[in-house]
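J.: Chains as they are written, first to last, in the numbering used here: chain A, 61 to 261; chain B, 91 to 748; chain C, 46 to 372; chain D, 38 to 137.
Keep in mind that the hints are not guaranteed to be accurate.
Each computed SDA-like pair below joins lysine to any residue, with the alpha-carbon atoms no more than 25 Å apart [as the list claims (entries may be wrong)]:
id, chain 1, residue 1, chain 2, residue 2
1, C, Lys110, C, Leu95
2, B, Lys458, C, Phe101
3, D, Lys75, A, Met121
4, B, Lys462, C, Phe101
5, A, Lys257, D, Val76
6, A, Lys123, D, Gly62
7, B, Lys462, C, Lys286
8, A, Lys257, D, Ser73
9, B, Lys462, B, Arg393
10, A, Lys257, D, Ile127
11, B, Lys537, C, Arg114
12, B, Lys651, C, Phe101
13, A, Lys123, A, Ile177
14, C, Lys286, C, Asn194
15, B, Lys654, C, Pro122
16, B, Lys537, C, Tyr111
17, B, Lys310, B, Asp644
18, B, Lys458, C, Glu291
19, B, Lys458, C, Lys115
20, C, Lys207, D, Ala132
21, D, Lys69, A, Ile127
22, B, Lys400, C, Pro122
23, B, Lys300, A, Leu69
24, A, Lys257, A, Arg147
25, B, Lys310, B, Met177
26, C, Lys262, B, Arg393
27, B, Lys400, C, Ile134
28, B, Lys462, C, Lys110
Just so you know, these hints were derived from the structure itself, not from any lab.
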Amino acid sequence: MSSKIDHSLPLEYQTEQNRLNILGFWIFLGAEIVLFATLFGVYGVLYQRYAGGPTHQDIIMIKDVLIQTVLLLTSSFTMGIAIFEMRRQQLKGLIFWLVITLLLGSGFLFMEINEFIHYVHLGATMQTSAFLSSLFVLLGTHGAHVTFGIIWAIMVIIQLVRRGLTPTTARKTFIIGLYWHFLDVVWIFIFTFVYLKGMVG
Amino acid sequence: MGIKWNEFFITGDPLILGSQIAIVLTMVGIVAGVTYLKKWKWLWSEWITTVDHKRIGIMYIISGVLMFFRGGMDGLLMKAQTSRPEMEFLDAQHYNEIFTTHGVIMILFMAMPMLIGIMNVVVPLQIGARDVAFPQLNALSFWLFFGGAMLFNISFVIGGSPDAGWTSYFPLAGKEFSPGIGNNYYAVALQIAGIGTLLSGINFVVTILKMRTKGMTLMKMPMFTWTSFIASVIIIAAFPIFTVALALMTFDRLYGAHFFTLSGGGLDMLWANLFWLWGHPEVYILVLPAFGIYSEIISTFSRKTLFGYKSMVLSILIIAFLSMVVWVHHFYTMGSGPAVNSIFSITTMAIAVPTGIKIFNWLFTMRKGRIKMTNAMLWSLAFVPCFIIGGVTGVMLGMGAADYQYHNTLFLVAHFHYTIIPGVVFAVFAALYYWWPKMFGFTLNEKIGRWHFWLFVIGFNATFMPMFFLGLDGAVRRSYTYSVESGFAPLFLVSAIGSVILALGFFAFCYNIYWSIRHADRNITGDPWNARTLEWATASPVQPYNFAKLPEVDGLDPFWKMKKNNEGLTIKDSDIEEIHMPSNSGLPFFMGVVFGVAGFFLVFEWHIAAAIAAIGIIAGLIYRSFDYDEGYHIPVDEIKETESKWRNVEGEVHNYVK
Amino acid sequence: MKKGLFAFLTTAPLLFLSGCESKLVVFDPQGPVARSITDLINWSLIWMLLVVVVVFGLFGYIVWKYRERKDNLDYEPPDEHGSTILEIIWTAIPILIVVALTIPTVKTLYALEEVPQGYEDKEPITIHVTSADWKWIFSYPEEGIETVNYVNIPADTPILFKLTSASTMQSFWVPALGGQKYTMGKMETEMYLIADHPGSYEGQNTNFNGRGYADMKFEVLAQTRAEYDKWVQEVKETAPKLTEEEYEELLKPTHLGRLTFSNTHLDWVNHADHNSKTYTHPELYRGHGYQGKIFEEEDNYRNKTNDDIEKHDHHEDTEHGGDHSGH
Amino acid sequence: MEKHTNRFPISHVLGFIFSLILTFGAAFIALKTNLSFKVIMWIIGTLAVLQAGIQLFMFMHLREGEDGKTNVINIIYGVFMTVVIVVGSIWVMSAGHATH
Ligand code: HEA
Ligand code: HEA
Ligand code: CUA
Ligand SMILES: [Cu+2]
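Bound-form chain A, shown alone (with noise of 0.2 Å):
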């Protein structure tokens, strides 16, 4: 609980409670994957359960998900360079590449949404099957994560505002990175395993 500051590191890492918060945060991290396994693992397990429902080419449409995809994979790289710019100190940089970010997630987000109501419309639903239970679980989670982290986001944004560069703010900046990263791995595996599994199967 010492505040001393370290000025050798990184702001985010300057202080003790900081160190602890960010490896703490690693180990949440652990969680997810874990919390993310199950859920892929559930829908290992049921995704062939169409239960006379549509099947997964009856309602993939690829050509938006590449898009999603897309979109994703620049809002984490735009993520690496928010934390960049806030590790040379250029706090207007900073500020700038997460808009950019938050931007690009909601572009993400919007296009989700309306790729579940499509689904929806071909009458595909949570309740219509076990494959489609899990189908809408695993993506939904995942989307529940982007929107949480929206919001977490602004947050920060608004402290950074409020309050420049510190310590404090340096280390909320940087572990909303690794979450705004951590997502993006899960699409990776989602994107992989389920849409283009689902296109080739």
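Once you've looked at the hints, dock chains B, C and D with the ligands against the given chain A.
T.: For chains B, C and D with the ligands alone, coordinates are given in the frame of chain A:
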């Protein structure tokens, strides 16, 4: 929403009416008592908003004891019902509700909080830290657990209890076969408590990794810290699975999804799979900290350092690894084929090896020692033979083909009471006798403790030993009755009598607490047992900042060495510096309440109300994000005063063990 | 006092095992399947008793010898950290014991999936077992008869039980004849049982499934071949026919006595079939307390005609590709 | 650890380019080739793992800071759990049941 009040409150049953009245009276009594004593403010500022790990630990333990009453009462009711063949004390529905809540409450709301409570009190002290890594998060964990526990407990009187077993297998637990909301309580309340547990796990991993005092490398950590660490790691690896499983259960039950249902392509086996992917590691989450407790106590009262420290550490690592890959042994009979069953038989039996290493190391810690029979030590001694019976019957269950005959019989019930009660309940008792002075500044009475010990141990064996034989004779679990012709009656009666003795033992424990609060000697040092680890190097009860000056360590049993070499026991005024402390916060309590309320609405399937309540959760998170409270500092003078108070006591001080 | 307790703990199991005049059912197998499991259990008991005796002995000795007494209060225990040799010993021996247990376990596991040894050339009889709340339905497809809550089998003949469920997950167990296996809706598990001699054996559900669970029992009556054939013949001639409506009534959550029919429900539904209709009655399970919403299931038997079922078959191959084939 | 003064975020840009290549590569292999299902899944599965690695090392700086080692162990453990849960569940749920 059109509430039907006659459905809302369970009515028409004297048993439930009785407990409803009891609950209302208790609540009125508590409120009246606190008001009369003008303790509201004290309660709020000293306990409800506290972020002090020791107080949070104590609150966990108190909740655990309360839940032990509830769970134990359930156990006694079941034993009463099966004491004679064709009893009509409880009907099937009641029996089902009672073993379900018994299992859930004992494991998740009794054993878990007891152990997490003890971890909270002890671990930061053992590693020479001022608190855990995230004190506010720690409070949040507690209040989430508490909110979940309360939500689960009201099910008995409001809305209906879950009744599908603590395992709540589908399709039985689905809406097709359990249309009442009882099982919603299971899904939602456990979810809330589970999130709290997960956060605790993260907190302890970071605490133990980063906040050890100078010189305490990983391989110099006390064994209880090690086992708490590994248990936390397992929590992080296993609880997210439970989170998902419960969420999917909620989707099935509340929104008509098809994960585990009979219709729509759902797969009931998947629930069993997910449940045990979490459920098996869960039993090792329980038993590992208990192993740590025994290690500390056996070493202290044998006056020897722990035998084979390195192999102890290695064996818990192996147990942790294996605990993740044995879950299928709970459903060998599901027909996954001989290949699957063979692999999981092997991994299951393999756990006997590291556990055996631990047992032998304990035995050899005692060898050549001077074994002091305190109550804490007696519990640790009784653990060894009782747990071995549980363990070897576990290995018998682990043999897939043989399990076809044991599965779902009372043999299995006997096995797990023989592992859980010696493995967890004995450990909790041992820990309470051992660390009680650390928490409260006085020891529990040893004489009354003897009554507690003998009654409980004898009662325990008498209750559960007959069940092995009942099981081998074909008596199944979860059956509320049996016929006269079955021939089960004599053994069931022995078992029922045993449970009464068990209850008397527990009663002796409660009396001991009462007696000791009133009469025990308050003039004790920080080190009543002549112990070995750092928590004894500071005052009893521990001052808020734990250590005026953080100790330095260069080996195992650091406090023992300090005493031997007579160094580091006193403190110079010049060493004392200001200490930074985190501020109290009401937010964790608020979050617990909001989660509880939102959960309640969700249980009753009032989705809009639940969504509105959930806004409170978001609000709490946002508030936290903008909270820049930096804590406060305890000034040097205050520390000096506190320190001299316990270091230079006037008059004689008493040690239990010299 | 403590010594007495430990003596009790160690000897009680032996006493119970040997002293009882009526043998515990698991130790009194009435067929080759149950016998192979009992052999395995006995084998494991030997080793477990060895472990128990050795460790209890060691424990008693150490605790007794090194307890604190009035006369050893000045004894300071040595500073001892461990012993590599000892630790290797108590790692190695349990490993060996575990290996000794593993080998017969695996062998038995594989053996239990096949027709028991020595009976390979005897034509097995297939009986479909359908568990429902709270009753057991036995269908003899070859004979075209069906019984409820009892099953007659010829002794000394392998019986292939094909297990499925019309409702919850249940477990089929005849302890005198063999181990148990789950019955699950829309899938099928299998089990061979053989009775050595004619006789009556109790069977029951062991997997909890609600209010009626405790009474979900059935009788297995093993008969001589001649008796059995006669019984089949009699049933065929005298028993009534089961209609679909009666059958639906039968599947509701009730306790029934014994019933006998001269046809089988397999004629219109096999619950083991992945695409079979669902037969659930949520409204009949309402108990006390606040009632939640229940969902209309599209594939419930009340909603669907047979054409709908046919539609399912389009997906037959996609649904059951890979290792999940043959549903 | 990165220096504070880096002018150009070279590792980020490279990482981004790589991940775009990997994504479109996987999409191309899955959608435009006629390889067998198994081969495709192996290839795109590998590409996904590679890409996750890129995110972890080039964007998230997994090994940075005093707890780099802990982070690596943490992630390896997460991967182990993933394998146990996903492969384990699928195996256990589909093996045996020979006749269901
Ligand atoms: C704290 C809790 C706890 C602990 C520690 C254990 C420990 C073990 N358990 Fe137990 N178990 C439960 C709690 C626990 N269990 C519960 C709650 C259930 C039932 C849940 C339900 O269905 O409701 C259960 C069910 C259960 C089953 C499922 C049975 C069934 O449903 O049919 C199995 C099967 O393999 C099993 C096996 C084991 C094994 C092999 C161990 C091993 O870890 C034991 C290892 C210890 C020893 C073996 C003794 C010491 C060792 C030596 C002295 C060395 C020499 C020994 C040998 C070589 C054998 N347990
Ligand atoms: C930590 C876990 C734990 C603990 C400690 C216990 C403790 C006890 N359990 Fe257990 N039990 C489980 C976990 C546990 N149980 C689980 C998981 C199940 C499976 C549930 C399921 O099937 O879903 C189970 C199932 C279970 C059954 C099987 C039901 C069945 O299948 O038919 C039975 C039956 O006897 C039973 C009995 C008991 C008893 C008598 C105790 C005793 O040890 C309790 C002792 C405590 C007390 C006695 C305290 C009470 C004291 C008072 C109320 C004070 C008043 C008393 C006086 C003044 C004298 N339990
Ligand atoms: Cu089991 Cu399909
Ligand atoms: Cu287990």
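J.: Run the distance test for lysine 110 of chain C versus leucine 95 of chain C: straight-line Cα separation, threshold 25 Å.
T.: It holds: about 22 Å lies between the C-alpha atoms, which stays within 25 Å.
J.: Regarding the pair lysine 462 of chain B and lysine 286 of chain C, is the alpha-carbon distance no greater than 25 Å?
T.: violated (77 Å)
J.: Check whether the Cα positions of lysine 257 of chain A and arginine 147 of chain A lie no farther apart than 25 Å.
T.: This hinted pair is violated, its Cα atoms lying about 39 Å apart.
J.: Lysine 207 of chain C and alanine 132 of chain D: Cα distance at most 25 Å?
T.: holds (17 Å)
J.: Between lysine 123 of chain A and glycine 62 of chain D, does the CA-CA distance stay at or below 25 Å?
T.: holds (15 Å)
J.: Taking only the CA atoms, is the gap from lysine 462 of chain B to lysine 110 of chain C under or equal to 25 Å?
T.: The given pair, whose Cα atoms are some 12 Å apart, holds under the 25 Å limit.
J.: Taking 25 Å as the top limit, are the C-alpha atoms of lysine 651 of chain B and phenylalanine 101 of chain C close enough?
T.: violated (33 Å)
J.: Keeping to a limit of 25 Å between CA atoms, is the pair of lysine 458 of chain B and lysine 115 of chain C held or broken?
T.: holds (16 Å)
J.: Given the proposed pairing of lysine 537 of chain B with arginine 114 of chain C, does the C-alpha separation stay at or below 25 Å?
T.: holds (18 Å)
J.: Take the C-alpha atoms of lysine 400 of chain B and isoleucine 134 of chain C, compute the straight-line distance between them, and say whether it is at most 25 Å.
T.: With Cα atoms ~15 Å apart, lysine 400 of chain B and isoleucine 134 of chain C stay inside 25 Å; holds.
J.: With a cut-off of 25 Å on the C-alpha distance, tell me whether lysine 300 of chain B and leucine 69 of chain A pass.
T.: Status holds; Cα separation ~17 Å.
J.: Is the straight-line distance between the alpha-carbon of lysine 458 of chain B and that of glutamate 291 of chain C 25 Å or less?
T.: violated (76 Å)
Violated hints, listed in ascending order, are 7, 12, 18, 24, 25, 26; each of the other numbered hints is respected by the structure.
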